[in-house]
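Asker: Protein chains in written order, with my numbering: chain R, 1 to 234; chain W, 1 to 295.
Since the hints were made in silico from the structure, they are not lab data. Quick caveat: nothing in here was measured; it's all calculated off a predicted structure. Ideal Cβ positions, reconstructed from N, Cα and C, are used throughout, including at glycine. The reader is advised that the hints may include incorrect statements.
One side only, chain W facing chain R, incomplete, derived with CB under 8 Å [stated by the list, open to error]:
(1) Ile172
(2) Ile182
(3) Val185
(4) Leu279
(5) Arg282
(6) Pro283
Short, incomplete list of chain R residues facing chain W, as computed with Cβ under 10 Å [stated by the list, open to error]:
(7) Gly49
(8) Arg53
(9) Ala55
(10) Phe74
(11) Val88
(12) Leu176
Okay, the calculated beta carbon distance ranges per label pair [as the list claims (entries may be wrong)]:
(13) R/Gln130 with W/Leu82: 39 to 45 Å
(14) R/Ser14 with W/Lys268: 33 to 39 Å
(15) R/Ala217 with W/Arg192: 41 to 47 Å
(16) R/Gln130 with W/Arg85: 47 to 53 Å
(17) W/Pro90 with R/Ala233: 51 to 57 Å
(18) R/Ala21 with W/Tyr108: 52 to 58 Å
(19) W/Pro90 with R/Glu211: 33 to 39 Å
(20) W/Arg94 with R/Glu63: 48 to 54 Å
(21) R/Thr120 with W/Trp63: 44 to 50 Å
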Amino acid sequence: MLEVEGLSAWYGASHALQSVAFGVAEGEILCLLGRNGAGKTTTLKAIMGLMPRRAGSVRFRGEEVLQRPPEARFHLGLAYVPEERRIVPGLTVRENLRLGLIAARNRQDEARALDRIAETFPRLRERLDQQASTMSGGEQQMLAIARALMAEPRLLMLDEPSEGIMPVLVDEMFDLFARLRRDGTTLLLVEQNVELALNLADRAVVLDQGEVVHRAAAAELLADAEVQARYCAV
Amino acid sequence: MVDYPLDLLALQVFAGLALGAVYVLLALGLSLIFGMLGVVNFAHGALFALGAYVGVFLLGTGWNFWAALVAVPLAVGAAGLLVERFLVRPLYGRPVDDPLLLTFGLAYVVVEAIRIVFGKQPEPVETPELLAGAVFIGVGYFPLYRVFLIGVAALVVLALWLLLERTRWGLILRAGARDPTILRVLGVDVGRVWLLVFGLGTGLAGLAGWLAAPLQGAAPEMGVPVLAEAFVVTVVGGMGSLLGAVVAGLLVGVTYSMTSLLAPEMAKVSIFALMAVVLLLRPQGLFGRPGGLMA
Ligand SMILES: Nc1ncnc2c1ncn2[C@@H]1O[C@H](COP(=O)(O)OP(=O)(O)O)[C@@H](O)[C@H]1O
Ligand SMILES: [Mg+2]
């Protein structure tokens with residue numbers, strides 16, 4: 001589904017990613033781990049096309065997309081929920097959801113997509129006409145995920161979705177991720193909550209200082225206290 | 001102070017609203033472009049003049065006022081599309097003074113081009129026959145053309161409001177004013193949105209220029225004072241706020257018109273005094289909010 005090879009990215013002159021390589025197979029959940037500043041967010045941004053200075057190769061569903069703008073990657077079925085969520089203030093929950101489908105090729109199904117999302121996210125259904133910015137952090141995170149799902153992406157990338165969110169909502173969210181995988185959506189998950197993430201994921205890739213330092217099956221890494229302590233301690 | 005009859009004052013308020021209507025059209029364009037693109041368009045006044053001259057040119061080739069009223073905003077808007085595509089776009093991501101200097105320079109180029117083509121002498125523009133004369137508006141007779149001006153501005157405001165609040169495009173604009181990056185992630189070609197916004201804003205400047213022509217004629221430098229006043233309007237209303245552009249446009253028009261009656265020598269100064277007072281009380285302007293389009 002996604003093959004990243006020799007991916008480098010820079011902020012100005014500072015080399016934030018150094019030849020990162022990994023792949024995500026269709027239907028799996030891959031979690032990307034690493035300390036603060038390891039380069040996880042930068043990796044997702046580079047895959048989405050938000051890093052102006054980048055080099056290497058990003059192939060998504062067989063197409064090389066490194067030089068293509070974010071909107072082109074969206075149309076191929078790539079979705080990204082950034083760590084700051086980016087709920088648009090001044091818009092209602094419904095309007096934020098509509099944004100998720102606003103550029104999609106077949107927009108006739110907006111009503112159907114809204115129904116589908118409202119069913120998956122009962123908390124949002126009650127708040128459709130509320131200003132999005134008045135919701136709690138957890139609800140806003142749910143909205144950001146729901147918005148990304150409006151267009152039924154093939155691969156959903158999530159950057160620390162559980163950060164700063166009530167445990168009840170985190171459980172709900174991870175249940176949702178498991179359901180998404182069952183229904184055929186592939187997930188690339190960045191998490192600080194290592195145990196939770198490894199319990200859900202199929203495989204893990206660990207980054208440190210902008211480089212891949214470890215790859216393993218999730219269950220294997222879950223049992224590997226040493227690697228966890230070395231690269232994932234907060 | 002001299003006593004003025006109430007109906008004279010009321011008529012003067014109307015005159016202010018008509019003047020304000022021109023400001024509203026200009027300030028809406030400035031605010032749209034600033035709110036979406038973050039570009040302060042110093043060429044707005046020159047495009048206002050260009051609108052008047054495109055109309056003069058069309059009249060010269062046998063068109064009538066009404067046909068020109070449709071064609072002028074389209075022509076000036078098309079010029080705006082070219083300016084955004086080839087001049088402003090390469091400057092995105094550069095310091096804000098780069099596009100500012102560019103549009104500042106462009107204003108001189110446009111005004112000089114008008115002088116070369118049409119000469120330095122102002123061109124009188126006749127009020128269309130249908131709108132000549134005066135109409136009774138309750139408190140007295142008022143020039144019909146000015147009523148028309150207020151009506152056109154009201155229609156434009158209504159159309160823009162419907163566009164923003166009721167259409168898919170409007171939702172893109174409202175979101176894009178807040179967070180263009182998330183729009184890109186959601187598949188929107190933001191570059192195209194900016195292009196069209198620039199065309200829309202400059203088209204409104206052209207429309208305002210042609211509408212103002214029957215009042216004052218067309219002159220190459222007609223955009224200079226008007227641009228200063230339109231900036232006062234956007235600052236009073238709040239940079240980037242469309243509601244602010246409407247309210248402040250009318251407020252500035254009425255202020256100008258009332259002081260021209262009561263203390264003519266203070267008229268120009270009065271609107272800057274109004275701006276100073278608003279800035280002291282509300283530095284972000286009446287309806288200003290960082291990155292906010294339409295309250
Ligand atoms: N906008 C930025 N400008 C400059 N440097 C940045 C920026 N964002 C992140 N960095 C740097 O890039 C490196 C990787 O950051 P990031 O990808 O955000 O890490 P993570 O998401 O794993 O915490 C860090 O050293 C960080 O300081
Ligand atoms: Mg991060």
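Asker: Against each hint, give a clear statement of whether it holds in the structure.
Answerer: The hints, checked one at a time:
1. Ile172: 6 Å, holds
2. Ile182: 4 Å, holds
3. Val185: 5 Å, holds
4. Leu279: Since the shortest Cβ distance to chain R is 24 Å, the answer is violated.
5. Arg282: Because about 19 Å separates W/Arg282 from the closest Cβ in chain R, which is outside the 8 Å limit, the hint is violated.
6. Pro283: 20 Å, violated
7. Gly49: Status holds, d = 8 Å.
8. Arg53: With a minimum Cβ separation of about 12 Å from chain W (threshold 10 Å), the hint on R/Arg53 is violated.
9. Ala55: R/Ala55 check fails; min Cβ-Cβ to chain W is 19 Å, beyond 10 Å.
10. Phe74: 4 Å, holds
11. Val88: 5 Å, holds
12. Leu176: Hint violated; R/Leu176 Cβ to chain W Cβ min 20 Å, cut 10 Å.
13. R/Gln130 with W/Leu82: 39 to 45 Å: Since R/Gln130 and W/Leu82 have Cβ atoms about 43 Å apart, the given range 39 to 45 Å holds.
14. R/Ser14 with W/Lys268: 33 to 39 Å: 52 Å, violated
15. R/Ala217 with W/Arg192: 41 to 47 Å: 44 Å, holds
16. R/Gln130 with W/Arg85: 47 to 53 Å: 39 Å, violated
17. W/Pro90 with R/Ala233: 51 to 57 Å: 46 Å, violated
18. R/Ala21 with W/Tyr108: 52 to 58 Å: Between R/Ala21 and W/Tyr108, where Cβ atoms are some 54 Å apart, the hint holds.
19. W/Pro90 with R/Glu211: 33 to 39 Å: Taking Cβ atoms as reference, W/Pro90 and R/Glu211 lie about 35 Å apart, which means the hint holds.
20. W/Arg94 with R/Glu63: 48 to 54 Å: Because 31 Å falls outside the window, the suggested range is violated.
21. R/Thr120 with W/Trp63: 44 to 50 Å: 58 Å, violated
The earlier numbered hints that this structure contradicts are 4, 5, 6, 8, 9, 12, 14, 16, 17, 20 and 21.
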